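Sequence lines, in order, name chains A and B. Position 63 of the first sequence, counted from 1, bears residue number 63 in the working numbering, the numbering being contiguous throughout. Position 37 of the second sequence, counted from 1, bears residue number 37 in the working numbering, the numbering being contiguous throughout.
Some hints could be false.
Computed footprint of chain A on chain B, listed as stretches where at least three residues anywhere in the stretch have a Cβ under 8 Å from a Cβ of chain A [what the hints assert, rightly or not]:
# : stretch
1 : 41 to 55
2 : 95 to 102
3 : 105 to 114
If we take Cβ atoms under 7 Å as the criterion, some of the chain A residues that face chain B in the derived model are [what the hints assert, rightly or not]:
# : residue
4 : 5
5 : 10
6 : 40
7 : 43
8 : 46
Simulated crosslink set (DSSO-like; lysine-lysine; CA at most 30 Å straight-line) [said to hold, decoys possible]:
#  : chain 1 : residue 1 : chain 2 : residue 2
9  : A       : 68        : A       : 105
10 : A       : 5         : A       : 57
11 : A       : 5         : B       : 17
12 : A       : 5         : B       : 69
13 : A       : 42        : A       : 58
14 : B       : 18        : A       : 5
The set of hints was computed from the structure by calculation and includes no laboratory data. What you are looking at is a predicted structure, and each value in this text was computed from that prediction instead of being measured. Built from N, CA and C at the ideal position, the CB exists for glycine as well.
Spelled out from the first residue to the last, the chains are:
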Amino acid sequence: QQQVKQSPQSLIVQKGGISIINCAYENTAFDYFPWYQQFPGKGPALLIAIRPDVSEKKEGRFTISFNKSAKQFSLHIMDSQPGDSATYFCAASEGPGNTPLVFGKGTRLSVIA
Amino acid sequence: EAQVTQNPRYLITVTGKKLTVTCSQNMNHEYMSWYRQDPGLGLRQIYYSMNVEVTDKGDVPEGYKVSRKEKRNFPLILESPSPNQTSLYFCASRPQGIRNYEQYFGPGTRLTVT
Chain A
1 QQQVKQSPQS LIVQKGGISI INCAYENTAF DYFPWYQQFP GKGPALLIAI RPDVSEKKEG
61 RFTISFNKSA KQFSLHIMDS QPGDSATYFC AASEGPGNTP LVFGKGTRLS VIA
Chain B
1 EAQVTQNPRY LITVTGKKLT VTCSQNMNHE YMSWYRQDPG LGLRQIYYSM NVEVTDKGDV
61 PEGYKVSRKE KRNFPLILES PSPNQTSLYF CASRPQGIRN YEQYFGPGTR LTVT
């Protein structure tokens, strides 16, 4: 049973365009929603995270939008650059305890010039 | 520099030959995990440990063992590797508390079992 569903599986965006990756969850106990970025040959690294008490969080060109009632959250990459080409994972956690992070299956983003 | 290290980075072995992948972190994190990454399947947790001598199964534990004798080290053991364990493996650690979603991953170990 997949607890976090991520789409699309792959995405091709023109340089300067907006990349949008979506995730949906069922477990209402999830309380933290981080996004991880993985470049080829590297381990994933935390990119940005949001808690459900806010609807949006922005860090530079990266924005998380969160819709608590729909149980959905998304990552927007504005002005996408070739250097953003990577695999992106959404994740969810049940708060500050020791429950494992639950990851989506990942989205491979390619930004072409 | 805060980091998670894994060794070896690449490993080719044969079916049935026991192997160990080491993992070490220098951030004094209590929580450590092992994941495998396969195309189309994302990151799947194999085992995790909440502290020394405390380990538990993740989503895909079959064929793997772990131990946590020291806080900084969390080795992954394949007693009798099989070809279906060919994968990219990541060790990770994270802090306790409100920033526990900030997980630090190692650089990965690419394992091929023939």
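Cross-check of the supplied hints:
no. : hint         : in the structure
1   : 41 to 55     : holds (count 6)
2   : 95 to 102    : holds (count 6)
3   : 105 to 114   : holds (count 4)
4   : 5            : 11 Å, violated
5   : 10           : 10 Å, violated
6   : 40           : 10 Å, violated
7   : 43           : 3 Å, holds
8   : 46           : 5 Å, holds
9   : A:68 / A:105 : 21 Å, holds
10  : A:5 / A:57   : 21 Å, holds
11  : A:5 / B:17   : 36 Å, violated
12  : A:5 / B:69   : 35 Å, violated
13  : A:42 / A:58  : 24 Å, holds
14  : B:18 / A:5   : 35 Å, violated
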